[in-house]
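Engineer: Kindly produce the complete structure, drawing on both the sequences and the hints.
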Amino acid sequence: METVFHDVSFSPGFKSFDKAKLKDQVHSQVQASVDLVLADLRGKALRKLGVSRKQLIDTEKDLYPATRQWAQAIHAQCPDLQGLCWTSRQDDSAEAAMLFGDRVASGVLNQTGAPRSLLKDENSYWELLNLAEQIGVNIVPGNT
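Just so you know, we're using the numbering used here here: the sequence shown kicks off at 74 and counts up by one.
If you're looking for bench data, these hints aren't it; they were derived computationally from the structure.
Just so you know, even glycine gets a beta-carbon here, dropped at the ideal spot from N, CA and C.
A couple of the hints might just be wrong.
Simulated DEER-style distance windows between Cβ atoms [what the hints assert, rightly or not]: (1) M171 to G215: 23 to 31 Å; (2) Q184 to S161: 35 to 43 Å; (3) G174 to Y137: 15 to 23 Å; (4) D175 to N211: 33 to 41 Å; (5) R176 to A139: 21 to 29 Å; (6) C151 to G116: 14 to 22 Å; (7) G215 to L136: 19 to 27 Å; (8) G123 to N183: 17 to 25 Å; (9) G123 to Q184: 32 to 40 Å; (10) S190 to P85: 29 to 37 Å; (11) D175 to T76: 17 to 25 Å; (12) A146 to K117: 15 to 23 Å.
Okay, derived cross-link-like pairs now, DSSO-like style, lysine-lysine, Cα gap no bigger than 27 Å in a straight line [said to hold, decoys possible]: (13) K117 to K96; (14) K96 to K134; (15) K134 to K117; (16) K134 to K92; (17) K88 to K193; (18) K94 to K193; (19) K117 to K127; (20) K193 to K117; (21) K92 to K193; (22) K94 to K134; (23) K127 to K88; (24) K121 to K88.
Structural biologist: Printed below as a string of structure tokens:
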């Protein structure tokens, strides 16, 4: 669920999320049939690069162009890498990943189970509400 709250600010105070933004979003799980080669952007690796989480991972929306430039540079300089992995910005007990579509062969990622609507699937919605509560985000009615 990393991407659902991706643009919610980390600043203190009231944080809200428009429920209408969930309309066409689904929760899907995929499994790779082979081990993927990912650039490690977790704590120790970032430290080795001389980069802090605050500079690359824990960024606000206005810095996303800079983080995309990091991904583009890694893609250009490391042709064997198939993507990136890092400790989730929203949940530091979870990992997040981004794959380079041109480097993961067709058929390597297999969907496990059916996609579940974040609004219509009760379990998915409750998981989302639980995460929202844990990170201090209020889901508010929007224009549905």
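Engineer: Now tell me if each hint is right for this structure.
Structural biologist: The hints, checked one at a time:
1. M171 to G215: 23 to 31 Å: holds, 27 Å
2. Q184 to S161: 35 to 43 Å: violated, 21 Å
3. G174 to Y137: 15 to 23 Å: holds, 18 Å
4. D175 to N211: 33 to 41 Å: holds, 39 Å
5. R176 to A139: 21 to 29 Å: holds, 22 Å
6. C151 to G116: 14 to 22 Å: With a Cβ separation near 20 Å, C151 and G116 satisfy 14 to 22 Å, so the hint holds.
7. G215 to L136: 19 to 27 Å: holds, 26 Å
8. G123 to N183: 17 to 25 Å: Roughly 37 Å apart at Cβ, these two residues miss the hinted range, so it is violated.
9. G123 to Q184: 32 to 40 Å: Since G123 and Q184 have Cβ atoms about 38 Å apart, the given range 32 to 40 Å holds.
10. S190 to P85: 29 to 37 Å: holds, 32 Å
11. D175 to T76: 17 to 25 Å: The hint (17 to 25 Å, Cβ to Cβ) holds, given that D175 and T76 are roughly 20 Å apart.
12. A146 to K117: 15 to 23 Å: Once the Cβ atoms are compared, 20 Å apart, the range 15 to 23 Å for K117 and A146 holds.
13. K117 to K96: Violated. K117 to K96 sits at ~38 Å, over the 27 Å cutoff.
14. K96 to K134: holds, 22 Å
15. K134 to K117: The hint holds at about 24 Å.
16. K134 to K92: The given pair, whose Cα atoms are some 19 Å apart, holds under the 27 Å limit.
17. K88 to K193: Within the cut-off at roughly 23 Å; holds.
18. K94 to K193: holds, 13 Å
19. K117 to K127: Since the Cα atoms of K117 and K127 sit roughly 14 Å apart, the hinted pair holds (cutoff 27 Å).
20. K193 to K117: Status violated; Cα separation ~40 Å.
21. K92 to K193: It holds: about 12 Å lies between the C-alpha atoms, which stays within 27 Å.
22. K94 to K134: Holds: K94 and K134 sit about 17 Å apart, inside 27 Å.
23. K127 to K88: holds, 20 Å
24. K121 to K88: Distance of about 34 Å is beyond 27 Å: violated.
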